[in-house]
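Novice: Here the protein sequences come in this chain order: A and B.
Mapped onto this note's numbering, the consecutive letters of the first sequence carry residue numbers 253 to 516.
Mapped onto this note's numbering, the consecutive letters of the second sequence carry residue numbers 3 to 383.
If you're looking for bench data, these hints aren't it; they were derived computationally from the structure.
Don't be surprised by glycine CBs; every beta carbon is placed ideally from N, CA and C.
Treat the hints with caution; some may be incorrect.
[What the hints assert, rightly or not] Every beta carbon over 10 Å from chain A, so not counted as near; a handful from chain B, in silico:
#1 Asp16
#2 Arg197
#3 Ile299
#4 Ala352
#5 Arg355
[Stated by the list, open to error] Only some residues are given here: those of chain B computed to face chain A with a beta carbon under 10 Å:
#6 Ala114
#7 Leu118
#8 Ala121
#9 Thr188
#10 Glu190
#11 Ala233
#12 Val262
#13 Ala374
Below are the chains, spelled out letter by letter.
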Amino acid sequence: MRGAAVTGVGLLTGWGEGVAALPADARASAGGRRIVTLARPALAGERFRRATRECLLGVAAVEALLRDAGLARADVGGSDTALVYVTAAAYGASNLDFVRAGGKPGALHFPYTAPSAVPGEVAIEFGLTGAYTILIGGAAATLDALRQATRLLAGGRCRRALVLAVETFAECEALWTRARWLAGRPLVESAACALLVPADADTPLSPAPERSALETLARARAGETLACAPLVGLALARAAGPAGAVTLSGEWRGRRAALAIQAH
Amino acid sequence: MAAGAVTPIGGDLDAFWSGLVTGSDGITRIERFPVDDLRVGRGGEIKKLRAGRPPGPGCRASQLLFAAADDLVARAPLDAPAGRVAVVVGTALGGVEELEAALEPGGTLRQAAGALYDAPAHALARRLGARGPVLTVSTACASGATALGVAADLLREGAADRVVAGGYDVLCRFVMRGFDALRSLTRERVRPFDRRRSGLLLGEGAGLVLMAREADARGPRLGRLLGHASASDGSHLTAPAPDGRGLEFAVRAAMDEAGVAASDVDFVSAHGTATPLNDRVETEVLRRVLGPRATAIPMNSIKGGLGHTMGAAATLEAIMCLLASREGVVPHTVGLEERDPSCDLDYVAAAPRVARPRVSLSTSLGFGGCNAALVLEGAGA
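Construct the complete structure from the given sequences, taking the supplied hints into account.
Specialist: Laid out in C-alpha cells, this is it:
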C-alpha cells in the first residue's frame, strides 16, 4: 500500500453542515460580512464546560464524519488511528483571550492557548491513542497533513488516519481585517475532517503552478477557509459522485501545492 | 546530521556542550519583561543574543532561530539547490509574543501576521534562501522531536534533499503567566528525578540540525536518526496519562522503526521536567519498555540547567545525545542530588560520566497529550 483513500468527510462551515449547506456564491451570500461565523456546538458533558469553541468544533467535525461514513465511535478509537491536525489560526481566539485576561482567573485557560488543545480534546473524546502530528499553516499545510497521514498509513504506523482542520476568526476580527489580501472575500469559520485508509494508488504531493478546479470551486462556494479549504474540496468531490482520484490544491504564504488522492 | 544551537547556557553549539559537561546553571532572574507580579520570576533566559550576520528583522522567536541557523550554516553549508532545501521547525508558542505587541495602540499588521505560529519558520526559510516545503509542527513541548521525524519523512520520500529541522521557543510573559497560573513552576531548584522535585522552570532557545539522506550526506556528521514516532495520550490536556500509554506507544514504535531492541540502547535522554508526575510516569514507561536492562542504561535530563525550553527542548536533547557519542561523555542531571525511590533508574548525577553511547533514545511529552520518541545513532561510536 503506497497511498490513501478517503472513506468519510465531516464538514461544518459558517453556512451549515455538509456540502448541501454551501451557497453557490459565498461572496454574494456573505452580503458584505467579513466573517461568517460558526456557533459554539452544544455538546453535553461537564468536561466541555471550560473547552474553547474551536475544541468543540473539532469534536463536532469528527462526529459529522462518523455520520457521513456510517461509523460508530468505537470504529475509530484506539491506537490504530492516527490523528493529524492542522490549523492556520484557530488558536488565535484563545491566545487573544488569554492576553486580555491579564492576571485574572482567565489565565487558568492557558492550556487552551496551545494548538494541541483541539486535537487533545478530540483524542480524549474519541479515545485516539495512536500516531499524532500537528501542523500549523493554511491550505498548503493541510495538503502536507494529508501527505503525512498517507506516510503513516503506508509505513504501517496506523490502520486509519483522521486529518482534522479547524479555523475560527471571529474573536480576532480586528486583526484579520488589517490584512488587505483578504479584502473582498469572506473568511468563513470551518471545521473539517477526513478519514483515510490505505490504498494501492500513490497519493503524491507536488508543487502546483495553478489552482485545481476543486480549489476554485471550494473557494467560490465556501469562501476563504484557510486550512479547511482542501477538505472542503474533498467533500465537494465526494458529493459530486464516485470520482476516484481527485486533485486537491492549496496555497499558503506563497507556496502552492497539489495532492492527488482517492476521494472514495 | 550537523547542528547549531542557542541556549541559556551557551550561545552556540560548542558553548552549549561545554555548559552541559560543566553543569552550568542557566537559570536566572528574568530581566527582559516584568515578572514582579508572578509567583516565580526565574527561568533560562538568554541574556545576550548575538546579532545575526546580517542582523535579521523580526521578533525574538525569529532571532533565536536565526542565531541557531547561523551557527549551523557556519558548520555545514546547505549544499543543495534552494528548491530542494526544506525547513521543518517545532514550536509550542510560535510568534505569540507579537500578539501582545499587535494589540497595543499602534500595533502593526506585521506584528499581527507575526503572531501566527508559523511566521518564524517562514522567516527562517527566507533567511536561509530555502525554497522547498516549510512546515511548522506544534506538538507542544514534544515539537522539537516531531519536527525531526517529519523532516526524516520528507527526506525518505524525496520531497527534499536537505532539511533544516529543529525547534525553538521564547521565554515571554505570555508563557510565564500561563505556567505561573498552573502552579507548575518551582520556587526552588529544578531537580529532575530527585525526591524533592517540585516543578519545572521555563527556558528559551533554539536547536537546528541539517539533515540529509545517508547517501547524500557530505562532510563530517554528528549521527543518524534511526527511528521516530509520536502518539497521543487521549487522556488529559495538561498532565501525562498516569499509565504513560502514549509515551510507551511512541517509544516502542520508534524503536521498532529503528530496528533496535532494548539491548541495543546505550543511553536515554529523558524528558525529565522535574514535575512529580512526569518523572514517575517516564520512569515507569522506560522500565516497562527496556525491561531488565533499564537499570543498566545511563539516563539524564538536561532541564535542570537550561530550564524547559519547550519547542526547542527535544531538539537540544537530540543534539546532546549525538554530542555525547562524539565526545565520549554523558552530561549529568543538574539538580539531581537525592534520588526518588520511585525513580530508580541509572540517572547520571553529580558529574558527567565517561561513556560513548552508540544508540540513544530521547523521549518528549507535551500539552494536549503529545508524546514523541527519537532513536539516534551517534557517529562517534
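Novice: All hints, please: hold or fail.
Specialist: Evaluated hints:
No beta-carbon of chain A comes within 10 Å of the beta-carbon of Asp16 of chain B; the shortest separation is about 32 Å. Taking the minimum C-beta to C-beta distance to chain A, about 27 Å, the non-interface status of Arg197 of chain B holds against the 10 Å cut. No Cβ of chain A approaches the Cβ of Ile299 of chain B within 10 Å, the least distance being about 25 Å, so the stated non-interface status holds. Once the 10 Å rule is applied to beta carbons, Ala352 of chain B is consistent with being away from chain A; the minimum gap is 35 Å.
Every CB of chain A is more than 10 Å from the CB of Arg355 of chain B (nearest about 33 Å), matching its label as outside the interface. Here the hint on Ala114 of chain B is kept, as its CB sits about 4 Å from the closest CB of chain A, short of 10 Å. A cut of 10 Å between beta carbons decides the hint on Leu118 of chain B: the least distance to chain A is about 7 Å, and the hint holds. A cut of 10 Å between beta carbons decides the hint on Ala121 of chain B: the least distance to chain A is about 9 Å, and the hint holds.
Evaluation of the Thr188 of chain B hint against chain A yields a violated restraint, the C-beta minimum of about 17 Å exceeding 10 Å. Annotation: interface hint on Glu190 of chain B violated; nearest CB of chain A at approximately 22 Å, more than 10 Å. Interface hint status for Ala233 of chain B: upheld, as the beta-carbon distance to the closest one in chain A is roughly 5 Å, under 10 Å. Proximity of Val262 of chain B to chain A is violated relative to the hint, the smallest CB-CB distance being about 17 Å (cut-off 10 Å).
At about 8 Å, the closest approach between the beta carbon of Ala374 of chain B and any beta carbon in chain A falls short of 10 Å, and the interface hint on this residue holds.
The earlier numbered hints that this structure contradicts are 9, 10, 12.
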